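Novice: We have chain A already, so just place chain B on it with the hints.
Now for the letters of each chain:
2 protein chains.
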Amino acid sequence: MRVPFEQLKAEFKRVLIGLNFPDEKAGLCAQVFAENSRDGVYTHGLNRFPTFVSYIKEGVIDANAVPTKVNSFGALEQWDGNLGPGMLNAGFCMDRAIALAKEYGIGCVAIKNTNHWMRGGTYGWQAAEAGYISISFTNALAIVVPWGGTTATLANNPMVIAVPRKEGHIVLDMAISQYSYGKVLQYKSYNEQLPVPGGYDSDGNITHDPVAIAASKRLLPIGFWKGSGLTMMIDLLVTVLSQGRSVKQISERNTESGASQVFIAIKPQDTQQTHGLIEEILNYTKSSPPVNPDKPVVYPGENTLKTRNKNLNEGVLVDEKIWDEVKRL
Amino acid sequence: MRVPFEQLKAEFKRVLIGLNFPDEKAGLCAQVFAENSRDGVYTHGLNRFPTFVSYIKEGVIDANAVPTKVNSFGALEQWDGNLGPGMLNAGFCMDRAIALAKEYGIGCVAIKNTNHWMRGGTYGWQAAEAGYISISFTNALAIVVPWGGTTATLANNPMVIAVPRKEGHIVLDMAISQYSYGKVLQYKSYNEQLPVPGGYDSDGNITHDPVAIAASKRLLPIGFWKGSGLTMMIDLLVTVLSQGRSVKQISERNTESGASQVFIAIKPQDTQQTHGLIEEILNYTKSSPPVNPDKPVVYPGENTLKTRNKNLNEGVLVDEKIWDEVKRL
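Protein chains in written order, with this note's numbering: chain A, 6 to 334; chain B, 6 to 334.
So that you can see chain A by itself, here it is in the shape it has in the complex (with noise of 0.2 Å):
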């Protein structure tokens, strides 16, 4: 089922002004909500918005919070986010780290105790449509198991890196585990094996299985021990620039809440060398010959576009059974 983008975003704000959202806030975050199913990030889109409701009530997220400065030194700042929602918070860091980078050329803003930013990319197109350079991390809960162990004791810590580009911006929005725990469970659901091993069995073998890795909740990390030991320094990125919770301290929480998160911008050239640099490293990339004739060796956020045009010009495609829980809340 299609819904359009306007509905979409209507709907998401009628339910948070009933939640007592001042309207402006109420706004950016059905506007964040929205956008997210409109550029195909349906898990942290529509589908999660219930999450988001169920969070507001029981007093986890903050509807009324706003960030407030710690500390800051030239082009570093640290902020504290109170437990307010964690897209808005994001937001603000990397408007925060975008004008720190306008003044000193590049700025830095880490900040502890917000919540789930929802689809990290956000931030990415965001400081590419104001035309810079960012580079974000956060942590999260942990489900990925550190190489050579046997229990989960590091997160899958997404990281966003973004370039603006006139044609449509690059943007890169990964986590640290090869699969999401939600797409273990997909395929689960589907009935079927994982491309490539995706996590541990409960005997700590590693599998293609999301039956067996659904049951065990052990992610593997990308690359093995190249990831196991990324998504550490990610954790020790976030928690010593913020002052704020390691992956440790998040997963004691009965709720994914109370996170670390840093924002790096930084302001690029604006010429065409450096058009035609970033058009020289996409096409080049892109020459390589596909596998499948059909299916053009793509840049990070390319399929994001043509997603995101055929929900603004189709409608937005929703899961009918979220869509009229939503239109009920």
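Honestly, the hints are just simulated from the structure, not real lab data. Treat the hints with caution; some may be incorrect.
Intra- or inter-copy, both count: the list cannot distinguish identical chains.
Simulated crosslink set (SDA-like; lysine to any residue; CA at most 25 Å straight-line) [unchecked claim]:
#, residue 1, residue 2
1, K188, V201
2, K222, P301
3, K107, V75
4, K30, W328
5, K30, M6
6, K107, S77
7, K291, G263
8, K30, N196
9, K315, Q36
10, K332, E108
11, K188, N318
12, K62, A104
13, K74, K107
14, K74, I61
15, K315, G153
16, K300, Y192
17, K107, Q83
18, K107, F78
19, K107, N76
20, K188, A135
21, K291, S207
22, K188, K315
23, K291, E257
24, K171, Y192
25, K193, E29
26, K222, V71
27, K74, V8
28, K315, P301
29, K222, P200
30, K74, E108
Keep in mind the model is a prediction, meaning the values are calculated, not measured.
Specialist: Relative to chain A, chain B alone:
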């Protein structure tokens, strides 16, 4: 065979003085090569020294060149490496990034027209010794296949993330390919299969077979589609920020030269709280019961420190043939 660290360093310095390196530069280069072997990164220590010498002799690397500033905007600087020794250029840039971070909280230095930095970890350890967090990237020759493609149009573009810690810095130094080409050749010479998939055979099938990968020269990035995107983003970052050569342009040259790099330094709060957060993350990660009871989970850099101490105490492990070759230079 083991050689005392100081003897190794003195031998490197002797050779470089013979190549008309100024005394101080010869000492710095010798130090980096000796330290790389001392830390167990033999591929970029003694074993790489003869190639470095031949690049100097061929004029690919200009022993007398020093970096010159191209642009500067607050905490962001662009430099030209003028094809000088890559380790000296990289060390210089990290020093500049640290100086900027001291002034602005964060500093970013991009350099074009530089040479191979040898072991990327060198610059992570350098920043950590100075008390700074760092993130560094370089591009390189195309040898990695983009996801969905059949020929190598991406590089392994190493990244280094380091966090200072009194009891031993935490330093992740990783290329974005699952294995380096050198490692594939090593498995081939031992007649062993790779433990995890490392590349493609000439028919485009993903394989563990080092013979097939050595023949195709097509490496697999970490995390399949994920590393494919990540390594392209790194090329974009270093090329756009330095306005230097992309992977495409480096790959068109006869020798690996003229790379683009980025060095970011960030000033952490040097407090008991920071120390506590770091220990919390290390201890939690390491609390995962090991697969092999004799091999507990390690953090990036932990084994480096062990190897360093052993090589300092017992002499640095050297390949006798290469050591003899260097002594004859």
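Novice: Taking the numbered hints from earlier one at a time, note which ones the structure violates and give those numbers from smallest to largest.
Specialist: Numbers 5, 8, 10, 11, 12, 20, 24, 25, 26 and 27, in rising order.
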